[in-house]
Amino acid sequence: MKLGDLSLAQLRHRLADNDLALRTGPFVTRIHSPIPQVADGLLRLYADFPLDAGEFRDFHVRVGPPAGLRRWLRPQINFWHDGHSPFKPLPANHAFALLEWGLNWCVAGHAHHYLMLHAAVLEKNGRAVVFPGDPGAGKSTLTAALMLSGWRLLSDEITLVDRDDGLLVGLARPVSLKNASIDVIRRAFPDAVIGAPAYDTHKGTVAHVRPSADSVARVGEKARPAWVVFPRWREGSPARLSPHSRADAFLHTASHAFNYSLLGGLGFELNAALMDACTCHDFEYSRLDDALRVFAELAA
Amino acid sequence: MNLVQRCQPLLDVLRDPAHMATLDLAGWDLLLRQAGAAGLLSRLAVQAETLGLDASLPDVVRPHLTAARTVAAKQRQAVRWEARRVAHALTDIEGPVLLLKGAAYAISDLPPATGRLFSDIDILVPRAQLGQAEAALRLAGWHTQKQDDYDQRYYRRWMHELPPLTHIRRGTVLDVHHNLLPETARIHTHAGPVLAAAQALADLPGLSIPADTDLVLHSACHLFHEGEWGHGLRDLVDLDAMLRAFSLSPGFWPALLARAQALNLGRPLYYALDCCRRWLHTPIPEHVIAACPSQPPAWQRPLMRQLFDAGLASAHPTCRGRLVKLATFILFVRSHYLRMPWRLLLPHLLHQALRRNREQN
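So the sequence lines, in the order shown, correspond to chains W and S. Position 135, counted from 1, in the first sequence is what the numbering used here calls 135; the numbers after and before it change by one each time, with no gaps. Position 42, counted from 1, in the second sequence is what the numbering used here calls 42; the numbers after and before it change by one each time, with no gaps.
The following block holds chain S by itself, in its conformation from the complex:
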């Protein structure tokens, strides 16, 4: 059984939420576990309610969906409130200040926002305003947490974001980016065009969200470069939801391809389209994939598919294949390899390993 098949119970309902109406109790037992581990249960719960399925579901299942919707509603409200606090803190920054990923979806009610869970808020500010933004956020209560000088240097010198900021009272985590990928990454991209094309939010003065194409490309490069595969499938569902909705407007596909070329993000886009189509049956025209501006050589494709499939299937034990540990380790090494050249990476990994060793003793 391959990995896509192992995840079939979850994939069936992600592809077609109406499929929930056909599940028996054993099917629900497995679905709730797979969806819960992947962080997708509340999305399904909201979809079940929207489709009017709730009343016909088994009595033992309904409470789980009610609970999952409650969590999602609370998180949505919290993200909106937190975004308002960020906007308030950054009023005097010469913007634009962009919300990224989950926060952008939630604030603008984009399709991935349905029942989505959040772990932190991501924003993007122009590099020139980074210092001012950090100072303003610190004044409003967001501080970097227990990190040593090495971490601070690592983030500030090489990364595309500040060390994560935690609010001293609310404990919420804010990631402040100034680019989509690290400065040292093998793929060079630039945030300028993304900032320039951002759409201001009418009800949140001072905040913007990226253009549709840039939301897709950022999500793709986050998933396929940074390698947080624990919620990989959730991120793929974000991509699927955006692609399905955005591609209804004429001209979206050519615009997406042109933008991928301009931002030098053709490769992550290729992987995103390939995985979306195979995992979630996203309706992507063949010619769009064929026209993707950067594609892996043919010999690499089966290998990359196997790796990404293992990452996407890693959330729940019933989805994982035998080689999942090896595959996720390779993905971990790959994400570091993509992040910086060897001459930086090797000393960094050595430092992290020694520190872990020190902490354990």
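Bound conformation, chain W alone:
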């Protein structure tokens, strides 16, 4: 059964009853929330995702109002992972964004059976591109654009590297867009389904793009890494790939990874194997059309 098979009323009911377990790639998360925004966001962005009827869940999370009198004054929202809240409460209208951050936190803080890089990853024709990249570099915009042009999304935030075979494992969860990039994607892809924006978060305005049906349907297929690309949006720049040193790419991904040092020697081996399997590039662009053309040629 898929999440989208539920009506909004049914979904709200099951979320409020702590009776909804969502499968995203290798993880099953039980979500408990009385907040209508959470149900709305899930139905809009996760409709293609399967529900899990089993008795084992990897994560048990809740999004709801914190205890106390404040809820009547200026409503707030918090996230709990199995009774523990890792974040400070946020304004109530950030509920769905908070769920997304919470789900990322669950994976990044627990899934140490993978090497977890802070990078987006997509696949085309059996080969995957990894986008490490500094915040604000235009990684998510490019990720959303590629996904909406037929690339298969594995993840926009956490690249999971399987410790047994070095292949990349997908989550296919929504792509998080910030500020101006929301309108950029809206204009370039009028059919894209984008969730309700959360304004004035610590990252500015945030909105999520629904993953393509193909990405969700094939989330179980691992992908073979082929390219590591450091994207950078620069006004007026032509879309252009240029070589990037492998050693530097190694150091960058290692130092920005969620658990590189935690994995010790294995982290080194996995990241080194990833770099060996890839060619590494810088990529500058200003216009999405040009960028997409370059990537189409790359994957051809």
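Bear in mind the hints are in silico, worked out from the structure with no lab data behind them. Since we're looking at a predicted model, the values are computed, not measured. Please note that the accuracy of each hint is not assured.
Below, a list of computed lysine-lysine pairs in the DSBU-like style, where the Cα atoms sit at most 30 Å apart [unchecked claim]:
{"hint": "1", "chain 1": "W", "residue 1": "88", "chain 2": "S", "residue 2": "325"}
{"hint": "2", "chain 1": "S", "residue 1": "74", "chain 2": "W", "residue 2": "88"}
{"hint": "3", "chain 1": "W", "residue 1": "124", "chain 2": "W", "residue 2": "222"}
Chain W regions said to be covered by chain S (calculated; three or more residues, Cβ under 8 Å) [what the hints assert, rightly or not]:
{"hint": "4", "region": "46-59"}
{"hint": "5", "region": "82-95"}
{"hint": "6", "region": "103-116"}
The C-beta atom is built at its ideal place from N, Cα and C for all residues, glycine as well.
Dock chain S against chain W, hints included.
For chain S alone, coordinates are given in the frame of chain W:
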């Protein structure tokens, strides 16, 4: 349902790790949550591997255990490395310098070290060398962090340890003790005999660990006096693992009782033995408990049991009873009551409350 029963899924496998082989998926779901919250998942994960259970476990469970073992292995390695840095920094201190608790277990491969997680490193130095030790550690990069004059005074005047030291580059936290309990505590103990009986570590020159009996007594007085109940069950598992292993050597029980008497730590030992036996079925002879040098009066026992049980069960929502908030509050007040006399405690609590109020505004 009482608290011990609420924690049954976790207790079953702590008492007998082989029980993991019998769990169904719903059982695993609950166990991973309870064990994770109590900080005991990596211990179980290592035990599952040692027992050769891994291959027969459900596919969805195995990754959790692999991840938990990865964390434990990393922490173990980090603690060993950090201990080496401490030894290096304190080379010129006239010792002994003792590793306490987790670091001592990890360095000496004692039974509680199996899959254990750490939050900081604790060491014990002779009071006379405290100033020198602090200066040497500061030179090596360990500094006290954002504390005001009040905190500094509070620690230095009344406590049995320096304010926590944080390494400026690695962010690791070091607690430097000069006694097992605060100077102002209602129970007076002294570190002299513990320092004197310490065993030097062959592969870490300059560092020692306490004798077996003292490891047990320190763990007991830490758990039952300082009241960090968030990992109370983890600490009880430490005690259980040590008692099971140490009691195999003849003469351990009489030595432990005599030592508790000498260090004036009979009461925390009594509580430790009572809780270990009830929670983890630690094989402790009846006559040992009966001979414990300090015991609460009979009327207090049920009350103390209820309080400690609530503390031990506080880690995960499925373990907690209805009165957990009240019980943990009483335990919190108790830990302060034990730490210092009222004439010091009341001004201290008032200061903390006012500060919290200031920070919130």
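Going down the list of hints, with the structure as the test:
1. In summary, the hint linking residue 88 (chain W) to residue 325 (chain S) is supported, as the alpha carbons are separated by about 21 Å, within the 30 Å threshold.
2. Annotation: proposed proximity of residue 74 (chain S) to residue 88 (chain W) holds, straight-line Cα distance about 28 Å (limit 30 Å).
3. At roughly 12 Å between alpha-carbon atoms, residue 124 (chain W) and residue 222 (chain W) fall within 30 Å of each other, so this suggested pair holds.
4. Chain S is given as covering the region 46-59 of chain W, and this holds because 5 residues of the stretch bring a CB closer than 8 Å to a CB of that chain, at least three being needed.
5. By the rule of at least three residues with a Cβ nearer than 8 Å to a Cβ of chain S, the coverage given for the region 82-95 of chain W holds, with 3 such residues.
6. A stretch counts as covered by a chain when three or more of its residues have a beta carbon under 8 Å from one of that chain; for the region 103-116 of chain W and chain S the count is 4, and the coverage holds.
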